[in-house]
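Novice: Sequence:
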Amino acid sequence: MQETRTLQDKIFLIIKGLAMGAANKVPGVSGGVVAFVAGFYEEFIASLQKVNYKAFKLLFNGRFKSFYRYINGRFLSLLIFGMLISYFSVSKVLDYFIEKKELFVWASFFGMIIGSVYYIAKDFHHWNKRTVPSFIFGIIVGLSISFLSPAKENDNLLFIFLCGIISVSGMTLPGLSGSFILILLGNYVLLLVDSVNALYDTFAEIIRGDFSFIDNPERLKTLKILAVFTAGSATGLVTLSHLLNFVLKHFKNITTAIIIGFITGSLGVVWPWKRTIFKVDETGNFLLDSNGEKIIKNYQRFIPDITNIETWIAVLFIILGIIIVLALDWYGNRTRR
0 MQETRTLQDK IFLIIKGLAM GAANKVPGVS GGVVAFVAGF YEEFIASLQK
50 VNYKAFKLLF NGRFKSFYRY INGRFLSLLI FGMLISYFSV SKVLDYFIEK
100 KELFVWASFF GMIIGSVYYI AKDFHHWNKR TVPSFIFGII VGLSISFLSP
150 AKENDNLLFI FLCGIISVSG MTLPGLSGSF ILILLGNYVL LLVDSVNALY
200 DTFAEIIRGD FSFIDNPERL KTLKILAVFT AGSATGLVTL SHLLNFVLKH
250 FKNITTAIII GFITGSLGVV WPWKRTIFKV DETGNFLLDS NGEKIIKNYQ
300 RFIPDITNIE TWIAVLFIIL GIIIVLALDW YGNRTRR
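Take 0 as the starting number for the sequence shown in numbering that gives the first Met the number 0 and just add one per residue.
Wrong hints could be hidden among the right ones.
[Claimed, not checked] So the derived label-pair ranges between C-beta atoms look like this:
1. 204 with 52: 36 to 44 angstroms
2. 52 with 212: 34 to 42 angstroms
3. 64 with 143: 44 to 52 angstroms
4. 229 with 73: 19 to 27 angstroms
[What the hints assert, rightly or not] In silico EDC-like cross-links for lysine to aspartate or glutamate, where the CA-CA straight-line distance does not exceed 16 angstroms:
5. 220 with 152
6. 273 with 98
7. 248 with 41
8. 100 with 309
9. 223 with 154
10. 248 with 101
11. 273 with 304
12. 223 with 200
13. 9 with 42
14. 278 with 122
15. 220 with 154
16. 273 with 101
17. 251 with 122
18. 99 with 304
19. 251 with 42
20. 251 with 98
21. 220 with 200
Rather than coming from a laboratory, the hints here were simulated on the basis of the structure. Since the model is a prediction, treat every value here as computed from it, not as a measurement. Note that beta-carbon positions come from the ideal geometry of N, C-alpha and C, so glycine has one too.
Please model the entire structure based on the sequences and the hints provided.
Specialist: Below is the structure:
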């Protein structure tokens, strides 16, 4: 796990972090799929699993270099650095394209997930009476999630902490979208839009020497919510990684079969041809977030019109998504030679 990385490896690891961060923010797309396809999933889980009692003992004893080495700090720091950049750059660009060219963005992700299913399944040769039911279970759970109805927004701090634990499932469980789970929990806008924007605005103001946010109770409340959500996410990452490290070690084939099923089932969430259903109040008016944007309730899926030119352009984007994943596979095979 501690192999020497070249400068090119480090740059590509940051890029993978960018992709993982962007994927985590898009409802229906799992950052764990990026980790799985890009070939660093097991190292990611194993590194997080190292954040344990021994690691904290090294940290509190002031042995910072030993702590950094023990948790595979170089790998985690480069990956997390890429994710942080993504949340304030790539994901903003992604938000723009989802708003302007939603069909083609979903089509691209749909193709990437198809490619991911092929990538993971092609080298899996352990289908038997235990793994086949596990695969079917994964598909059923993945599909079922897409038909659940979202809850109302809830800013209770204990619930926010729980949302943080649950939302990181998209990073640790390929095929399970943490951001879509947040939509179902009713807190997607609060935690991945309003809170992130509040943090961005606060940093921008501090750089300008403006500390007026200290007297803004609404901003401080949102930042507190983000801090609790971040703490929940960190807790979820560490606890889930320990659980996943255990099941990958003792039940690898069954776990892989479930993951393939999850990813296959998530195609229902990412189906490109859907209409966005927004939340409305009792009088039928759209409910808006703090930025004046309509709040997403869920999606209504439909069969595309094959006489529409946009349908065929979307199909091309699906093919493009598949090609991107296959290209990553080709690159991974080339670098391993």
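Novice: So, for every hint listed, does it hold in this structure?
Specialist: How the hints compare with the structure:
1. 204 with 52: 36 to 44 angstroms: About 39 angstroms separates the Cβ atoms of residue 204 and residue 52, which means 36 to 44 angstroms holds.
2. 52 with 212: 34 to 42 angstroms: Holds, at about 37 angstroms.
3. 64 with 143: 44 to 52 angstroms: Hint holds: Cβ distance 47 angstroms, inside 44 to 52 angstroms.
4. 229 with 73: 19 to 27 angstroms: Holds, at about 22 angstroms.
5. 220 with 152: holds, 15 angstroms
6. 273 with 98: holds, 14 angstroms
7. 248 with 41: The given pair, whose Cα atoms are some 10 angstroms apart, holds under the 16 angstroms limit.
8. 100 with 309: The hint holds at about 11 angstroms.
9. 223 with 154: holds, 10 angstroms
10. 248 with 101: violated, 40 angstroms
11. 273 with 304: holds, 12 angstroms
12. 223 with 200: With a Cα-Cα distance of about 15 angstroms, the restraint between residue 223 and residue 200 holds, given a limit of 16 angstroms.
13. 9 with 42: holds, 15 angstroms
14. 278 with 122: Between residue 278 and residue 122 the Cα gap is close to 43 angstroms, so the pair fails against 16 angstroms, i.e. violated.
15. 220 with 154: Roughly 10 angstroms between the alpha carbons, so the hint for residue 220 and residue 154 holds.
16. 273 with 101: holds, 10 angstroms
17. 251 with 122: Holds. Residue 251 to residue 122 sits at ~13 angstroms (cutoff 16 angstroms).
18. 99 with 304: violated, 20 angstroms
19. 251 with 42: holds, 15 angstroms
20. 251 with 98: Answer violated: residue 251 to residue 98 is near 39 angstroms, above 16 angstroms.
21. 220 with 200: Holds, because 14 angstroms separates the two Cα atoms, which is no more than 16 angstroms.
In summary, the structure is inconsistent with hints 10, 14, 18 and 20 from the numbered list given earlier, while agreeing with the others.
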